[in-house]
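Could you put the whole structure together from the sequences, leaning on the hints where they help?
Number of protein chains: 2
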Amino acid sequence: MKAKKSEDLPEWYSEVVVEAGLAGYAPIKGFIYLHPYGYEIWELIRSHLDKRFRETNHRNAFLPVLIPESLLRKEAEHFKGFTPEVFWVTMSGDDQLSERYAVRPTSETLFYSTFGKSIKSWRELPVLVNFWNSALRAEIKSTKPFIRTSEFLWQEGHTIHATKEEADEEVMRMLEIYREFIEEKLAIPVIAGYKSQLEKFVGALYTTTLEAVMPDGKVLQMATSHNLGQNFTTAFEVRYLGPDGQMHYAWSTSWGLSWRVIGAVIMVHGDDRGLVLPPEVAPIQVVVIPIYYTDAEREVVLEKCRQLVSRLKSAGFRTHLDDDMEHTPGWKFNEWELKGVPVRVEVGPRDVSERKVTLFRRDELKRTRVDEPALEGAVKELLSEVQRNLFRRAQELLRSKLSEARSFEEFARALEEKGGFVRATYCGSEECETKIKDLTGATVRVIPFEREPPLSPCIVCGREDGVTAYFGRAY
Amino acid sequence: MKAKKSEDLPEWYSEVVVEAGLAGYAPIKGFIYLHPYGYEIWELIRSHLDKRFRETNHRNAFLPVLIPESLLRKEAEHFKGFTPEVFWVTMSGDDQLSERYAVRPTSETLFYSTFGKSIKSWRELPVLVNFWNSALRAEIKSTKPFIRTSEFLWQEGHTIHATKEEADEEVMRMLEIYREFIEEKLAIPVIAGYKSQLEKFVGALYTTTLEAVMPDGKVLQMATSHNLGQNFTTAFEVRYLGPDGQMHYAWSTSWGLSWRVIGAVIMVHGDDRGLVLPPEVAPIQVVVIPIYYTDAEREVVLEKCRQLVSRLKSAGFRTHLDDDMEHTPGWKFNEWELKGVPVRVEVGPRDVSERKVTLFRRDELKRTRVDEPALEGAVKELLSEVQRNLFRRAQELLRSKLSEARSFEEFARALEEKGGFVRATYCGSEECETKIKDLTGATVRVIPFEREPPLSPCIVCGREDGVTAYFGRAY
Chain U
85 MKAKKSEDLP EWYSEVVVEA GLAGYAPIKG FIYLHPYGYE IWELIRSHLD
135 KRFRETNHRN AFLPVLIPES LLRKEAEHFK GFTPEVFWVT MSGDDQLSER
185 YAVRPTSETL FYSTFGKSIK SWRELPVLVN FWNSALRAEI KSTKPFIRTS
235 EFLWQEGHTI HATKEEADEE VMRMLEIYRE FIEEKLAIPV IAGYKSQLEK
285 FVGALYTTTL EAVMPDGKVL QMATSHNLGQ NFTTAFEVRY LGPDGQMHYA
335 WSTSWGLSWR VIGAVIMVHG DDRGLVLPPE VAPIQVVVIP IYYTDAEREV
385 VLEKCRQLVS RLKSAGFRTH LDDDMEHTPG WKFNEWELKG VPVRVEVGPR
435 DVSERKVTLF RRDELKRTRV DEPALEGAVK ELLSEVQRNL FRRAQELLRS
485 KLSEARSFEE FARALEEKGG FVRATYCGSE ECETKIKDLT GATVRVIPFE
535 REPPLSPCIV CGREDGVTAY FGRAY
Chain X
85 MKAKKSEDLP EWYSEVVVEA GLAGYAPIKG FIYLHPYGYE IWELIRSHLD
135 KRFRETNHRN AFLPVLIPES LLRKEAEHFK GFTPEVFWVT MSGDDQLSER
185 YAVRPTSETL FYSTFGKSIK SWRELPVLVN FWNSALRAEI KSTKPFIRTS
235 EFLWQEGHTI HATKEEADEE VMRMLEIYRE FIEEKLAIPV IAGYKSQLEK
285 FVGALYTTTL EAVMPDGKVL QMATSHNLGQ NFTTAFEVRY LGPDGQMHYA
335 WSTSWGLSWR VIGAVIMVHG DDRGLVLPPE VAPIQVVVIP IYYTDAEREV
385 VLEKCRQLVS RLKSAGFRTH LDDDMEHTPG WKFNEWELKG VPVRVEVGPR
435 DVSERKVTLF RRDELKRTRV DEPALEGAVK ELLSEVQRNL FRRAQELLRS
485 KLSEARSFEE FARALEEKGG FVRATYCGSE ECETKIKDLT GATVRVIPFE
535 REPPLSPCIV CGREDGVTAY FGRAY
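Heads up: the protein sequence lines correspond to chains U and X, in order.
My numbering puts the first sequence at residues 85 to 559.
My numbering puts the second sequence at residues 85 to 559.
Note that these hints are calculated values from the structure, not bench results.
On a predicted model such as this, the values are computed, not experimentally measured, just so you know.
Incorrect hints may appear among the rest.
The list treats identical chains as interchangeable, and a pair is accepted whether it falls inside one copy or across any two copies.
[Stated by the list, open to error] Once the Cα atoms are required to be at most 16 Å apart in a straight line, the calculated EDC-like pairs of lysine to aspartate or glutamate come out as: (1) Lys201 <-> Glu103; (2) Lys450 <-> Asp355; (3) Lys113 <-> Glu183; (4) Lys388 <-> Asp179; (5) Lys502 <-> Glu480; (6) Lys397 <-> Glu139; (7) Lys164 <-> Glu153; (8) Lys113 <-> Glu153; (9) Lys113 <-> Asp179; (10) Lys284 <-> Glu161; (11) Lys440 <-> Glu139; (12) Lys204 <-> Glu410; (13) Lys164 <-> Asp178; (14) Lys228 <-> Glu153; (15) Lys225 <-> Asp549.
Here you go:
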C-alpha cells in the first residue's frame with residue numbers, strides 16, 4: 085500500500101480495492117469485474133440475507149434483464165426518474181427493434197406485469213418475492229468500485245399486500261433485517277429513518293433508509309425499503325377481490341441492498357495496511373502461516389500447520405493454509421494483512437516444540453500466544469472480539485461525525501469542520517431543502533421515525549415547528 | 085392437465101411449465117420469468133454443481149453484462165458465430181454511444197481481457213474461474229421455456245492453462261462432473277463425446293458434449309466443455325513466462341450448463357398428471373397432507389402432521405405441510421402431483437389411531453402404509469428408490485431410441501420411425517455431414533471419445549474407413 089488512508093481516502097480506496105484482489109476495471113467505463121476474493125464477500129452477504137429473507141417467508145425468483153420501454157413508461161414519475169440512466173437495447177443482430185428495451189435499472193415494472201397479473205383474491209396475498217441480480221444505471225461521475233458503478237450486484241425484494249398497514253409493516257420488517265445485518269455482520273452502525281419527499285425513490289409513497297458515515301465525513305446510503313403505495317398497482321392494474329366482495333387495488337413495497345455495502349466495509353474498517361474484514365463476511369477468517377528456516381524444521385512445521393488447518397476447518401472456520409514456498413513469512417504477513425484476514429495463526433519450530441501457537445489479530449495488529457490444544461476456543465473468542473471491536477470503533481467514528489446546528493451558520497461550519505451527520509431543523513419544504521443543498525452540498529439523509537422536537541426555527545426561512553433531520557454530504 | 089404427454093408433447097410441455105408454477109412468459113417475446121418454484125430447482129442445481137466446482141479448485145467471480153463490440157470482434161470466428169444473435173445497446177439515456185455494447189452472449193472475450201491480463205508467470209496458472217449469470221441470444225424460433233429462450237440462466241466456467249495437456253484434462257474433468265451431475269441428480273442418462281467441427285463452439289479447438297434423448301425422439305444437448313486451444317489467448321495476448329524462460333501463449337477452456345436441463349427433467353420424467361421431479365432437485369421432496377372430516381378429527385390430524393413435518397425437516401428432507409383449509413385432500417393430491425413432489429405423506433384419523441402413515445410415490449403413483457415411528461427411514465428409502473427408478477426409466481427410454489444404420493435408407497427410416505440417436509458411419513467430411521442434415525434434419529450429435537469401428541462405408545459417399553457417430557434431430 086502506497087496511499088495512506090488518513091491522508092488520501094479516495095486514492096487509498098482505489099489502491100486497496102485492486103491490491104487486495106477484490107475488483108478490477110472492466111473495458112467499459114463505469115463497469116467493474118470482481119475477482120473471486122471480492123465476489124466471495126458478496127456470496128457471504130447473500131447467504132446471510134437470504135437466510136433472513138427465507139425466515140420471513142420470502143422466496144427467490146427470476147426476472148429477465150430486458151424491459152420494454154412501454155412498460156417502464158407506465159408509471160410516469162418512475163420513468164422520468166430513471167430514463168437519463170438507462171442503457172437502451174435498440175438492435176437484435178442486424179435488425180432494428182420496433183421498441184427499445186431497457187437493460188434492467190430496477191424491476192418494479194416487470195414485477196407487476198408478471199407476478200402482479202395472476203392475483204385474483206385476497207387469499208393469494210401477500211406475494212413476497214426477492215431477486216438476486218444486477219442492475220444497470222449509467223454513471224457519469226468517475227467510477228468508484230462498489231460505490232459508484234454503472235452495473236451493480238444487488239437484491240431487490242418486491243411484495244404485494246392487501247392493505248397499507250401490511251405494506252407499512254413489510255417496509256419496516258425489511259429495514260430492520262437490513263439494520264441487523266449491517267450492524268451485526270458488517271459491523272457498521274447506521275442511522276435509520278425516512279427519506280424526504282425530494283430524496284425518496286421515484287414512484288414511492290415513502291422511502292425508509294439506513295445511512296452510515298465514512299471516515300472522510302461523507303455519508304453513504306446502505307439500504308432502502310420503500311412503501312410504493314398504490315402507485316404501481318394502479319398503473320399496472322394489480323387488483324384483488326377482497327373479503328368484502330369488492331375489487332381493490334393492492335399495495336406494494338420494494339427494498340434493496342447492493343454491493344455498495346462492500347465499499348462501506350472497506351472504507352470504515354480498513355487501515356494503512358489495507359483491508360480489515362469483519363469475520364462474519366471474511367472469505368478467509370483464519371490464515372495459517374508456517375515459519376521455518378531449515379528443511380528439517382519445514383517438515384515439522386508444515387505437518388503441524390496441516391493438522392491445525394484441518395482442526396480449524398472442522399470447527400467451522402473458513403481457513404486457508406499459505407504453504408507457498410516462493411515467499412517469506414514476512415511477505416505473507418503483509419499480503420494477508422492487505423487482504424484483511426481477521427486472524428492469522430503463526431507456527432514456528434519453537435511453537436511446535438512448546439505446543440503453542442501465535443495468534444495475530446488484524447484489527448489491532450496484536451499478537452498473543454496460546455496453548456495449541458486450546459486453539460479452536462481461542463480463535464472463536466478472538467474472531468468474536470474482532471467483530472465486536474470493529475463495531476465499537478465504527479460507533480466511535482459515527483459519534484465523532486455527529487453534530488447539531490441551531491442556525492445556518494452553525495450548520496455550514498459543522499459540515500465544513502466535521503462533515504458527517506449534522507442534526508438540524510428545517511421547515512420541511514422542498515424549497516428550503518433545495519436551498520440547503522445548493523448552498524452546502526448537503527441533503528436530508530434521514531428524518532427519524534419518531535418526530536424529534538425542533539432544535540431551532542427552520543435554519544433557512546425561520547419558520548417555527550419544523551422537522552428535525554440528519555443532513556450530510558453523500559456519496 | 086388437459087394435454088396428454090404421449091399425444092402432444094409440445095402442448096403438454098407448455099401446459100406443465102405454466103400450471104406447475106415453474107415459469108411464465110415475460111413481456112418481450114422469447115423471454116420468460118421464473119416463479120419461486122421454478123427458480124428453486126435452479127438453486128438446487130447451482131448448489132450441487134457449485135460444490136463440485138469448489139472441490140476441483142474453481143472459484144466464482146463476476147463479469148459485467150455488457151461487452152464492447154471491439155472486444156467481441158477480436159476473435160473473428162467467435163464474432164461471426166454470435167453476431168446474428170446479439171442484443172446491442174446503442175444508447176445510454178438520450179446519448180448515442182460511440183461504440184455498441186453487446187448484452188452478454190457468452191463471456192470469453194471479457195474473461196481474457198480481465199482475468200487473462202494479469203498473468204505473468206507459469207506459477208500463476210492454472211486460472212480456474214466460474215460465473216453464475218444469464219446470457220442472451222436472440223431466438224427467432226418460437227419460445228420453449230428453458231429449452232429455447234432469448235435469455236437463459238447458466239454457469240460459464242473459464243480456465244487458462246500452461247499446456248494443451250492440462251487444458252485437455254480440464255475439459256474432460258468438467259464434462260465428467262456434468263455427466264455425474266446429470267445422471268445422478270437429474271436422473272437422465274447421457275451419451276458423451278466430441279462434437280464435429282461443424283457443430284463445435286465457435287472459436288473452439290474442439291467441443292465435448294453430453295446429449296440426452298427426449299420422449300419425442302428429439303435429442304437435447306445437456307452441457308458442453310470446450311478446449312479453446314490458443315485461439316482466444318492469441319487474440320487477447322494472454323502469455324506467460326514459462327519455466328524455460330520463454331514467453332508462451334496460454335491454452336484455455338470454457339464449459340457451460342444452462343437451465344435447459346430443467347426442460348429435459350420436465351420432458352423425460354413427467355407424465356399425464358404433470359411434473360415428476362427427481363428428489364435430488366425437488367424444492368419440496370415430501371408434502372404432508374392431512375385428511376379429516378370433522379373438527380375433532382381435524383385437530384388431532386393436524387397436530388400429528390405438524391409433528392411429522394418437524395421430524396422430517398430435522399431428518400433433512402425438504403418438507404411442506406399443506407394445511408390449507410380451502411381445498412379438499414383430493415384437490416391437494418392433484419396439485420402436488422402436478423408439481424411433481426416425489427413423495428406424499430397422507431395422514432387420516434385412522435392413521436393416527438393406528439400409528440401408521442400412508443406414503444405415496446409420485447413416479448409409480450403407488451401407496452404403501454408404514455409404521456409412524458419408522459417414517460424417516462421409510463421416506464429416505466422411498467426417495468432413493470424414486471431417484472433410482474427415474475434413472476432406470478430414462479435409461480429404458482434412451483435404449484428404446486437408439487438404433488444403427490448401415491445405409492442412408494436405413495438411416496432415414498430409423499430417424500422417421502424412432503427418432504432418437506442413430507448410430508451410423510460417415511466419411512467425416514463437412515460435405516457429407518451437411519448433406520445428411522439437409523436431407524433428414526439430423527446432425528452429428530456425438531462422436532464417441534473412443535473411435536468405434538465403421539458399421540459400413542460412409543452412408544452418403546461410400547468412402548471407406550469413416551467415423552462412427554450418433555446422429556439425431558436436435559432441439
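Going through the hints against the structure:
For the identical chains of this complex, Lys201 and Glu103 are inter-copy neighbours only, at 15 Å across copies versus 48 Å inside a copy, given an alpha-carbon limit of 16 Å. Taking the shortest alpha-carbon separations for Lys450 and Asp355, only the intra-copy value of 14 Å comes in at or below 16 Å, while the best inter-copy value is 65 Å. In this assembly of identical chains, Lys113 and Glu183 lie within 16 Å of each other by CA distance solely across copies; the values are 12 Å between and 26 Å within a copy. Proximity of Lys388 and Asp179 under a CA criterion of 16 Å is satisfied in neither setting, with 64 Å inside one chain copy and 62 Å between copies.
Taking the shortest alpha-carbon separations for Lys502 and Glu480, only the intra-copy value of 14 Å comes in at or below 16 Å, while the best inter-copy value is 75 Å. Only between protomers do Lys397 and Glu139 lie at most 16 Å apart by alpha-carbon distance; the minimum there is 15 Å, versus 27 Å within a single protomer. For the identical chains of this complex, Lys164 and Glu153 are intra-copy neighbours only, at 12 Å inside a copy versus 29 Å across copies, given an alpha-carbon limit of 16 Å. Only between protomers do Lys113 and Glu153 lie at most 16 Å apart by alpha-carbon distance; the minimum there is 14 Å, versus 24 Å within a single protomer.
Taking identical chains as interchangeable, the C-alpha atoms of Lys113 and Asp179 lie at most 16 Å apart only when they sit on different chains, with a minimum of 15 Å there against 26 Å within one chain. In the homo-oligomer, the alpha carbons of Lys284 and Glu161 lie at most 16 Å apart inside one protomer (12 Å), although the nearest pairing across protomers, at 48 Å, exceeds that limit. Taking CA atoms no more than 16 Å apart as the test, Lys440 paired with Glu139 passes in neither setting, with 42 Å inside one copy and 31 Å between copies. Only between protomers do Lys204 and Glu410 lie at most 16 Å apart by alpha-carbon distance; the minimum there is 15 Å, versus 66 Å within a single protomer.
Taking identical chains as interchangeable, the C-alpha atoms of Lys164 and Asp178 lie at most 16 Å apart only when they sit on different chains, with a minimum of 12 Å there against 30 Å within one chain. In the homo-oligomer, the alpha carbons of Lys228 and Glu153 never lie at most 16 Å apart, since the shortest distance is 29 Å inside one protomer and 24 Å across protomers. In the homo-oligomer, the alpha carbons of Lys225 and Asp549 never lie at most 16 Å apart, since the shortest distance is 38 Å inside one protomer and 65 Å across protomers.
Checked against the numbered hints above, the structure violates hints 4, 11, 14, 15; every other hint is satisfied.
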